[in-house]
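*Asks:* Take the sequences, apply the hints, and build the full model.
2 protein chains.
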Amino acid sequence: MTIRIKRMTIIGVGLLGASLGLALKKRGMVQQVTGVGRRKESLDVALERGAIDNATLDVETGVAQADAVAIATPAGLVAPMLDATLAAAPNDVVLFDVASTKQAICSHAQQACPQPRRFVGCHPMAGGEKFGPAHGNADFYVDSVCLVEQDTAIDATVRDFVCALWRSVGARVVDVDATAHDAILARTSHVPHVVAAALTRLAADHGVTAPFIGKGFRDTTRIAASRPEIWRDICRENHTAVIAALAAFRNDIEAFEALLKADDAAGIEAFFEDGAAARHKVTES
Amino acid sequence: MTIRIKRMTIIGVGLLGASLGLALKKRGMVQQVTGVGRRKESLDVALERGAIDNATLDVETGVAQADAVAIATPAGLVAPMLDATLAAAPNDVVLFDVASTKQAICSHAQQACPQPRRFVGCHPMAGGEKFGPAHGNADFYVDSVCLVEQDTAIDATVRDFVCALWRSVGARVVDVDATAHDAILARTSHVPHVVAAALTRLAADHGVTAPFIGKGFRDTTRIAASRPEIWRDICRENHTAVIAALAAFRNDIEAFEALLKADDAAGIEAFFEDGAAARHKVTES
Numbered sequence: 001m002t003i004r005i006k007r008m009t010i011i012g013v014g015l016l017g018a019s020l021g022l023a024l025k026k027r028g029m030v031q032q033v034t035g036v037g038r039r040k041e042s043l044d045v046a047l048e049r050g051a052i053d054n055a056t057l058d059v060e061t062g063v064a065q066a067d068a069v070a071i072a073t074p075a076g077l078v079a080p081m082l083d084a085t086l087a088a089a090p091n092d093v094v095l096f097d098v099a100s101t102k103q104a105i106c107s108h109a110q111q112a113c114p115q116p117r118r119f120v121g122c123h124p125m126a127g128g129e130k131f132g133p134a135h136g137n138a139d140f141y142v143d144s145v146c147l148v149e150q151d152t153a154i155d156a157t158v159r160d161f162v163c164a165l166w167r168s169v170g171a172r173v174v175d176v177d178a179t180a181h182d183a184i185l186a187r188t189s190h191v192p193h194v195v196a197a198a199l200t201r202l203a204a205d206h207g208v209t210a211p212f213i214g215k216g217f218r219d220t221t222r223i224a225a226s227r228p229e230i231w232r233d234i235c236r237e238n239h240t241a242v243i244a245a246l247a248a249f250r251n252d253i254e255a256f257e258a259l260l261k262a263d264d265a266a267g268i269e270a271f272f273e274d275g276a277a278a279r280h281k282v283t284e285s
Numbered sequence: 286m287t288i289r290i291k292r293m294t295i296i297g298v299g300l301l302g303a304s305l306g307l308a309l310k311k312r313g314m315v316q317q318v319t320g321v322g323r324r325k326e327s328l329d330v331a332l333e334r335g336a337i338d339n340a341t342l343d344v345e346t347g348v349a350q351a352d353a354v355a356i357a358t359p360a361g362l363v364a365p366m367l368d369a370t371l372a373a374a375p376n377d378v379v380l381f382d383v384a385s386t387k388q389a390i391c392s393h394a395q396q397a398c399p400q401p402r403r404f405v406g407c408h409p410m411a412g413g414e415k416f417g418p419a420h421g422n423a424d425f426y427v428d429s430v431c432l433v434e435q436d437t438a439i440d441a442t443v444r445d446f447v448c449a450l451w452r453s454v455g456a457r458v459v460d461v462d463a464t465a466h467d468a469i470l471a472r473t474s475h476v477p478h479v480v481a482a483a484l485t486r487l488a489a490d491h492g493v494t495a496p497f498i499g500k501g502f503r504d505t506t507r508i509a510a511s512r513p514e515i516w517r518d519i520c521r522e523n524h525t526a527v528i529a530a531l532a533a534f535r536n537d538i539e540a541f542e543a544l545l546k547a548d549d550a551a552g553i554e555a556f557f558e559d560g561a562a563a564r565h566k567v568t569e570s
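Line order of the protein sequences matches chains W and D. Position 219, counted from 1, in the first sequence is what our numbering calls 219; the numbers after and before it change by one each time, with no gaps. Residues are numbered in our numbering as their position in the second sequence, beginning at 1, plus a constant of 285.
Hints should not be assumed to be uniformly reliable.
Heads up, simulated BS3-like pairs for lysine-lysine below, C-alpha to C-alpha not over 25 angstroms straight-line [what the hints assert, rightly or not]: (1) W/K215 x D/K566; (2) D/K500 x W/K281; (3) W/K215 x D/K546; (4) W/K130 x D/K566.
Okay, the calculated bits of chain D under chain W, using three or more residues with CB under 8 angstroms as the criterion [as the list claims (entries may be wrong)]: (5) 526-537; (6) 541-554.
Which residues of chain W face chain D? A few of them, derived with a C-beta cut under 7 angstroms, are [what the hints assert, rightly or not]: (7) T188; (8) P192; (9) V195; (10) A210; (11) L246.
To be clear, the hints were calculated from the coordinates, so they are not data collected in a lab. The C-beta atom is built at its ideal place from N, Cα and C for all residues, glycine as well.
*Replies:* This is the structure we're talking about:
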């Protein structure tokens, strides 16, 4: 499917939103991109970078003429931005988001949208510690994976269009149920962020200094440097799955403590062996 | 201080032991290196690589003529190897190890050695997931940190010699008390290894597959691929500090769960903010 969009609106011109605008424009997939933001400064940077062609602070103005709207705000703002978009955009608009949580957002969309719904929950797994439109780039999504919500309630043509859009900017699309997505990402991303924060707190509480820090600690805690407000929102949006996964994780740590207290050499080795095998399994499968 | 060693013996020709032999030989600091190992295969690789000049499976033979002995075995074997060395080596031999735990080893040395003791506990913080003499290299210790036990019970000349040896192969020496070392490393290395294993187990238990794995998870769990028997030994050697640190870590995770259950937005954000500040503090200080 060849993607040609006349008027695209991107709500939220951070790293993901600005990169999407640059990627679509570079590939000639869009005629005009409108950026909607909360701060004029970010919009100015996105304009300068060429990620958007025009900018507004007002959502309803920004989406009024849109053929497609990408909601690229932090997770906690997707639902209110979707409501504002639905109130002002044309009926046949294509809608999707890029947030790291899906269940609450897709469930809200299912309530708020006319049926079959034209909103598709998306989670492009790209990014890192950098943020803001200044770091956006046109090849940001090349060789990434984009998880795309699969649900019979979604308009099939709209979903095909959104999948084709992600493929066109270089992503591999993987279908996922919204609830399953959140249970998986709690384990692969949200709990690891909480754990990285707790590990750095553990070291700092003891007054540890840099000479005692090796490569292992640096790697393990790198994501602790991510933006606090983003991870606050993600954990709140996905609180049920995150709480369950944290409890399971904490019980496993406690089980290891029991092995160590009992000086169970075989059990301790088996714990590490299983961890090594598990890493190979989940990263190579 | 210029290091000139006539006869050096390295017990354990893995990554650290083989790299030490190569580093000393490359810099003309040693005339002859004898390797002692448990398996002929490793000794053959170390000989082929030029890390050692001759090899034996018998500790007492290997150390009988030694001017200096490096015990580069896994942590759990340092004490018995030290005992065997003390029984067979010349009285004026210089002794040190390279294990990741120090308190139990140095305390054993204090009991076992004549006073002032000529054994110095060392922990060169170099390495990674690779292991074995095949990966050894002469510049392995360049720009690394070597933590060296500081204790008035150690012969000062011997300690100066060992510090100079580490500096000569490119390491920066940092003085540390053995018990403080273990409390710090429990937090910066041993607990992170347990945590990385638990995180991969959490993902594998849920049947997670590679498309759902991002860079964050890969970084955070990289050390879960380390050798199980090495980490079994390290945790057993340092069980008191590891158990205490794991309990503190687990309590912090539980505190985060409580914030999430209460939907305490400010508290959740503060937790992540403190984690980000803590990482900056411990890695940059």
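*Asks:* None of the hints should be skipped; say for each whether it holds.
*Replies:* Going through the hints against the structure:
Simply put, W/K215 and D/K566 have alpha-carbon atoms about 16 angstroms apart, close enough for the 25 angstroms limit, and the pair holds. With a C-alpha separation of about 16 angstroms, the suggested pairing of D/K500 with W/K281 holds against the 25 angstroms cut-off. Between W/K215 and D/K546 the CA atoms are separated by roughly 34 angstroms; this puts the pair beyond 25 angstroms, and the hint is violated. For the proposed pair W/K130 and D/K566, the alpha carbon gap of about 19 angstroms is at most 25 angstroms, so the pair holds.
Only when three residues or more bring their CB closer than 8 angstroms to a CB of chain W does the claim for the stretch 526-537 of chain D stand; here the count is 9, and the claim holds. Residues of the stretch 541-554 of chain D with a Cβ under 8 angstroms from some Cβ of chain W number 8, which satisfies the need for three, so the listed coverage holds. For W/T188, the suggested interface contact is upheld, since its CB lies about 5 angstroms from the closest CB of chain D, less than 7 angstroms. Against a cut-off of 7 angstroms between C-beta atoms, the interface hint on W/P192 holds, since the closest Cβ of chain D lies about 5 angstroms away.
A hinted interface residue such as W/V195 counts as satisfied when its beta carbon comes closer than 7 angstroms to some beta carbon of chain D; here the least separation is about 6 angstroms, so the hint holds. Taking 7 angstroms as the C-beta cut-off, the interface hint given for W/A210 holds, the closest approach to chain D being about 5 angstroms. A distance limit of 7 angstroms between C-beta atoms decides the matter here; for W/L246 the minimum to chain D is near 5 angstroms, and the interface restraint holds.
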